[in-house]
Structure formats: structure tokens, C-alpha cells
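Participant: If you want the building blocks of each chain, they are given just below.
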Amino acid sequence: MNLSAALAELAASCKLAAEIPDGLKLLRSAANRLAKAARKLGEEDLAADADLLASVDGELEELLAKAALLAAGERLPRTSVTATAVSEDDALVDMLVVSMSDAAGNAEELLLALDADPGDANNLAELRRIVHTVKGEAGVLGLDATQVVCHEAEEMIDRAVDGGNVRPIIDPMLGVVDYLRRYAEALRAHGAAVPPPASQDLRDRIKQSSRGGSVPAAPKAQDRGRAAPPEPQTRATGERRVQLTSDALVDETLQDFIDESRQHLESIEADLLEFESKPDDEELLNRIFRTFHTIKGVAGFLNLTPIVRLTHTTETLLDRLRQATLTFQSVHVDLVLTSADLTSKMIESLAGGEAPFERDVERAERRLEQALRGERVDELGALPTVVNEALDKLELTSGGDIVASVPTPARIGELLVRNGVVSADRIEDALKLQRERAQAGQNLRLGDLLVELGVVSRDELERTLGGRRAASPVTSALQAVVDVEEAAEVAEAVTKANRRKAQVDATIKVSTLRLDALVDMVGELVIAQQMVLQDPALRSVKSTTLARNLSQVNKITRDLQEASMSLRMVTFRSTFQKVSRLVRDVAQKAGKKVELVVGGADTEVDRNVVERISDPLVHLIRNAIDHGLEPPDRRLEVGKPEVGQVDLRAYHASGAIVVEVRDDGRGLDRTKIVAKALEKGLLPTGTNGDELTEEEVFNLIFEPGFSTAAAVTDISGRGVGMDVVRKNIEAMRGRIEIQSKPGRGTTFLLRLPLTLAIIDGMVVRVGTQRFVIPTLAIEESFQPSARKAHWGADGGPLVDVRGTLLPIRHLSRLVDEPSDDEMGGVMVLMSTGSTRFCLQVDEIVGQQQVVIKNLGSNLPKMQGVAGGAIMGDGRVALILDVEGLAKGSQTSVSY
Amino acid sequence: MNQELARRGATEQGGKYLVFALEPNQYAVPIQSVREIIAMHDITPLPRMPHCVRGVINLRGRIIPVADLRRSLGMSERDATNVSCIIVTETEADEDGTVTPIGCIVDSVCEVREIGRDTIQSPPQGSEGGYVDGLVRTDETVVALLQLETLFASMGIGSQNFG
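If you read the protein sequences in the order shown, they are chains E and Z.
Numbering of the first sequence is given in this note's numbering, commencing with residue 697 and proceeding in unit increments.
Numbering of the second sequence is given in this note's numbering, commencing with residue 572 and proceeding in unit increments.
These are calculated hints, taken from the structure and not from any lab test.
All values reported here derive from a predicted model rather than from experimental measurement.
Idealized CB from N, CA, C, for every residue including glycine.
Worth double-checking, as some hints may not be accurate.
Restraint-style ranges between C-beta atoms, simulated for each label pair [what the hints assert, rightly or not]:
#1 Z/622 <-> E/885: 55 to 65 Å
#2 E/1557 <-> Z/611: 19 to 29 Å
#3 Z/661 <-> E/1496: 47 to 57 Å
#4 Z/661 <-> E/1557: 18 to 28 Å
#5 Z/602 <-> E/1232: 35 to 45 Å
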């Protein structure tokens, strides 16, 4: 069965479907599958096509069989669509779980964005689409409770759109997000039989959000006085149409506007079509541009915002074409034609006609914007929506006569022009002729007339009319599917979109234990391979083939290592999103206004790091909001903006990952901290802390026992405590630093290794021992004699590096290993975040990547040593921690 | 936990011990705490560690610390010979259940010996800082039974230091 035939059958079934219980459900499911089939056709996945169509076949047959029974006056057997749907398809459940989780995640993002900018209509529309889709999918599986929740959520969103008041729905919608997440999790763990989470509470919250909101839009006239919808599955709210302000209607200039615009728009269709074949015709383009420009101007004057918006976007597109900053594509003509059409409708509505649907206008604008951005214009993205919309309309009118209750189908003339079969001029002429003939008493259909005139062949006419024949909304919508299927360009867009989607979808779950084991093994492989390469026995073999093969092994091993490490790389995105949600909740509870600014969410880092930083980060953010930021009125008092700002940023810096948490709140009060520390016995009594540096004072808050209740208002822990935060960070071989200015705010800097496993290092030698220095801590190296040495005020040696005097440290002294010659060797210029100095070593041996191994938790912590590395010859080399070295050496400078 | 019981049990009830020499004396530890015996390795020294921590070695891909028992017992230094070896011991597990082995350099390994409880005598008061569990008389000499954890703690290593 080919697609077109299937659609025709489906169209016929629409009429019958209304009379069959659950018929609409079946129909919806069939339509969903058809939509899928169309998509797959776009992907040229023909095998899948056959299966899907076969299943659609089956469903249609069932429908027809039932219809036959009905027609024969028989009673229909009671089948519970719900039961079969749920039990037969574990695969469907799995898909639903993924879909619900994704939907929840996306919805949450949108809600947070809406919180920041409630006026964003695109986000709101997208949110509604997401909820609508989940509702549909839940319906396929017969998950009634979820359908109800989604339906009511949808209504809530509609009400918000109508009343223009978005804020009150955000909390209940977040509740829906949580519901979906929870349910998806339950489904995943226990399968389709699991009962959904309790939703009565949630539904009450949703209902309450409307109190104080505006009255829901009246149902559409097409209802034709049907009884009230029986169940929640039927939509109660109507499709919204564009509203144009009423004050415009009493303006005297209005009639002039309508007349003039009519004139302008009359010629525009013809102009556009001519332009399509002559895109270089500047005069033509200008004329079209001027049309929109003029309409926009007067519409603006009359405050007809929807018209202004649409014409403005269209005008921008045309302007860019004019200026040649945008390359012309034929799809642009479609876009402008649609704009013209919609604008015309809107203007007609001022004269008493029916306004176009808002959704159509939105879609047009969206596609215009896509074109402006240079992106592929969304053709097929509208597809499932189109199908769903059509089915919605069906449900609404299921009591009445479906075929008759249809919005006016495209005029044949328009269709012909749009398809490029006939030019607009010819249509004009034909229409004129038709009118004349009508006056003469001969009523001809335009199509027939055109054939008679020889303008178009009967075949062409039939083809164009094809979709119009069975004029139900479903068919016309699904006809769009067929049209689209045949457009190669659009199919390509589908492929791309699906490929993008596929990239996101085509993941595979792997146990993290296995992943870690794999990465470790690869690390060992690298070392073992190095050991083989450095084996003296191997070195003595003189064979070019061997050398080449070994080099090949080396390369492959390195590639393998990179690949395996990248497996563990993730971004901070999900952590930051969690923080976004947290900020909102905490701020609300604390009664503070907070704006979260996030940067570097795409920074890549090892999965382990992300996992282990999550809790400390949450704690720091909580602190920042609870204690760092002042309450809104206090902020105003001290001249700060009412809304406090929390900055969360992640970035790479000298071989490490830095995560910054900054607030613009109170800052740390040194005296208070010292007082607290004295009180808690963390400082010897009698001291006043004056001799402590700022850094040392701030670091007191990390001492266990410091965290307490409210007495210290600038920083306080919570039992979980800042000491645990620091411990966690340091367990990752990271570091946490504090910067703060009283009254201005506090910044926490978390420095973490890129990966917990491997570093790129420079191997240096002192005496008989080798050490590894992280490459990124090294700026350069030079011979000591090349630079002049000086003596600093404290007696320590300094070296002049391009004008800056830097202290010299002898590695030999730091590690208690006798040097070959302290005056010779090599100087390595080290730099970290806070210090720079020169390290004197005997020799630079080489550069390599090493796996960092812990030295054993039963040893005292060593300052200056970050771990150990197993070198190619099997011996251990210590990995130096530059900052620790620098600090340690400061106390023993007197050497 | 089982190790702990086993060790206690060994001392109280006797059991198998590994006897080794730190010339001119002989010492023994319960066999359950011995993971393996390996030849002398190149030891990488650790800066600013207690004197009796010689450094670290690579034990099949894992880095473990090595203690110099002579130093920890206050004995004179002695060069390694071709019979010197490292006894890899396993003491108590950390909080998270991992056991970190500690290597101990000895002059030579003598034997594995069954030592009956009744043959164990308490050490004289105040001797050797509490890391001698008892003394056993053999044909040739007196063997001191070492309590490793206490010994390590006195060196500054051991899981009780750092969780």
C-alpha cells in the first residue's frame, strides 16, 4: 500500500471514526505512525516504511471492520484499547520513558528561561508543544492519568498565553516536570504496569494557577452547539486567532489603511512569482519591500502590533536580500508569500473577516527568522504538529459533520500559482473571464475554465486538485505530508534534523565501572608500551622495520588513550542546570531575589570530576544565596541592585579546570571570622589575628568546628560544612581558594585537575632521582649562566628574567637529594596561579604523559608532591605539585 | 576485621609466623599479615618523610611505601646484601575498606615457624616502645614478635593517621 492511497483511506475513515468508541484514539495512533513513515521516507529508510504502513493497514482494517458492523446495525464488541496498547509494546514503553525524561529536561530548561523572561512567546509555544506531545504519546499507551495531567497543563499554558500572565504557571509546570520525571523513572524500573505517581495535588495546583488569571478563551464557533465535551481527552479551549486592538477600529484612518493595503497586497503575489524567476530584478524587489514597509508603517501608527511584527520580519528579510547580505533562495518566496497571505487576512479581519490563527502567524515568523539566521527553513518540523492539529480539530467536531466543517481550502487558483503550474497573470485573466461568463449565466469552475483555455492540462489540474478532493482537515494536513515527501529539498532537511536528533539519541548505556576499568587498562597499556620502547635490549636491535612498527604501536596506543579519556569527558551542562533549578528554589525559600549567570557550561572535564564536584558546588551556591546575598531591601539600602547576582563559571586555566562561584553580596568580614575562630578554639587565645594574612583568615572557615549557627552572618556552614567541601575538593587533588571584599561579595575558586588520572609532564633529574613536573606549570627553561643572578633582601638568590626578579629554588634541597652541581644544571621557570619562581634541576630528561598514582593513603600528606608515576623502566618518579613546592620552600628560604 | 582477629588470635593462641632477621636479631610477624616477599627494588625516596620511611616502590603497577625496620627500631644502618628483601605487609583496612600494603626492608628472611602460645613470654617492661608482643626462645636465639601497627604508627604511617 503506498502512502497516498493509505492517506485516502484514512480520510474516508475519519468520518467513520467519529462513531466508533476509541476510534479517534486508533486514528491518532495510526496518524502518528504515518507521520513516522513520512519521516523515514525522508530518510530513505524504505524498509521501515513497509513495516509502519503494514501496521497502519491493520489499524485501518480494524476501523473499517467496526464501521461495517455498525452499519449493519450490530453492536461493537467491547475491546479495551488501553489493555492491548500497554501490554504489547515494551519497546513503546521504553521509547516513552526516554521521551518523557527528555521532555521533562527540556521543559525545565524552558521554564527557567521563562522565569527570566516571561515575555518570550517562542519558549511558551515550545513548552506547550512539548506538553502536547507527551500527552499524545501517553495516549497511545493508554496512560490516562498522565494524559489528564498534561491536558490540564496545556490548558493552563493556554490561559497564561491569553491572559498574558506567565509567572504563576511556572511553579505548577515545574511540578509537572517533576511528575513526568518520577513517572518515567518508575516506568523504567518497573515497566508499564506501575501506577503513576499521585497527581491530585499537582492538578489542584494547576487549577489554582488560573484563579486570579483570566477567563479561558471561548470554544470555537465550529462546535455548532454540541454538548459540553464529555472527557478531559477532548480539548475545551479553542484555537486562538490573532487579536487586533479595538481602538484601531474606531480610527478614521483605518478605512484608508484597509483600502490601500488591499491594493498593495493585490499585486504582491504576482510580483513575488515574477521575482522568483528573476531574482536579480532590483526594481521588483524594491517594490515588494516597499509594500511591506508601508503597511508596517501605518499599522504601527494604528497600533496593530501583530501586523507590525510580521511585516517587520518580512521586511527585514527583503532588506537583506536587497543589500545582498542574504543569498536568495526560492524558499524565501514561499515565506514572503505566506507573510503576504497572513497580513492580508489580518487586514481583512479589521473589515469584519476572520483573522488567521495565531499559530500560523507564529510559524511564519519563526520560519522567517530561521531564514534570516541563514538556517534551513523548517518545513518538516511542522509535520507531526500539523497531523496532531488536524486530529485535534477532528476531536472537536466529532459530533458534527466532519467533512463539511472545514476551513476554506486553498483556492485552486492559488494552488496552481504556488505550484508553478500557472502564472498569476493567467489566473487573473481566467478569473475575469469566469466572472464575465457567470454574468452571462454560465457558471464555470475555475479549474474547468483553465483547462478550456488551454492554460493548464487536465492532468496537471487533477494533480493539483488531488489533495483538495476529500476536503477534511486530516486529509489536507496529511496531504501536506505527501507533498512534503515528494520535495527532495525538504526530505534533506528531515534527514539533517533526524541525524541531529539521532546524534543525541544514539547513545548506549555503559556501566561506569566498566568504563573506568577500560580507561585504567589503557593507562597501563601506555606505560607498558613505554617500558617496551625503553628496554635497552630493544634499543640494541638495529632494524628499521622494527623501529617503524614500534612507532606505529606507539601512535596507536596514544590515540587509544586519547579516545578512552574522551569517553569519560562530559560537560558541566547537567550540573549547571541542576544549579539553576536549585538557585530558584533556594532563593524563593530565603526570600531573596537572585539572578544566576552561568558561563562555560560546555567546558569538558572528566566524568569523575563532574560527579565529585556536584555536592560541594551545591553547598557553595546555597551558602552564597543564604548568607552571602543580602535581602532585597537591605541591598537597596546599601545602593546595590535589588536582585543579587550569583556567577557560576567554568573554564580551563593552566592545565586545570577552574570553577568559580561568585556572589555580589556581603563579603567576608575578617574580624567576625577571627572572633568566631577564637571562640571555637581554632586560634590560640590572646591572639587577635592581626598577624594572619587575609588568605589565612578566610581559610579558617574551612576548619572543622568552625561551622555553626547564625552568629556569624557572613559565612556559616550547615553541619555538612565547609570543611567537608574542602576535603572533597582536596581529595580530588584540587584546591579551593577564597577571595572576598567586605560589602562587595565573595568568590570561591575551585581548581581541579582536568582528569584525575593522567598528566602531561616534564621529567627532570636531580642526582639519581627523577621527578615529573606538570608541563602546564612550566613557562620555559634556560641555562643559569644565561641570566644574571642577584641577591634578594632576605638573602635568597634571585634571577633576572626579562626584567622581573624571581626567586630561585633548588630542587635538590626541596627533596633532599644531592645535586650534581647547584650552580649548574637547568633553570625551569615555573608558574602557577599565584607564584612564579625558578627551579634549579640537574637535567631535563624528557617529556611524557604519566598516569598519576596515589602514594598511599597511609602516608602523611606531602606538600609539594602530588603523586607518583611509574616510568618506563619500572621505577617510581614523584610528581611535583608546583604550588606546594613554592609554599614549602618559603619556610626554608634561609638555606 | 578478620585480619585483626586473626592477628590477635595468633598472638594469643600461637600460630604461624614469618621469622626474619635484622642482624643480629631475629623478629617475627604473623603470617596472615604478610602479603608477599619480594627482592630489593630501587626505592624512590620521599622528601621530608620520617627517617624510617625509605620511600616508595612500584609493586606491579601499584605504588606502595617502604619502611626501613632497622631505622624504626633504632638499629644501626646496614647496606643491603643479596639476601635482603622486602616483606610486603598488609595491616588494617582504611575506612573505605581498601588495604594499603606497606613494604618492610629486612636483612634476610629465615623461615615460617609454628609458634605455640605457651612458648610466648611477655616482653620485659618498657622495652621497645610497645611494639613487641612477646618473646620466643628458639634453639639459636630469642625471636621478638612484632606488633606491626603500633610500629608503623610510631613511624608516622598507618591508616589511623589519615582517613
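Participant: Could you work out which of the previously given hints the structure breaks and list their numbers from low to high?
Facilitator: Checked against the structure, no hint fails, so every one of them is satisfied.
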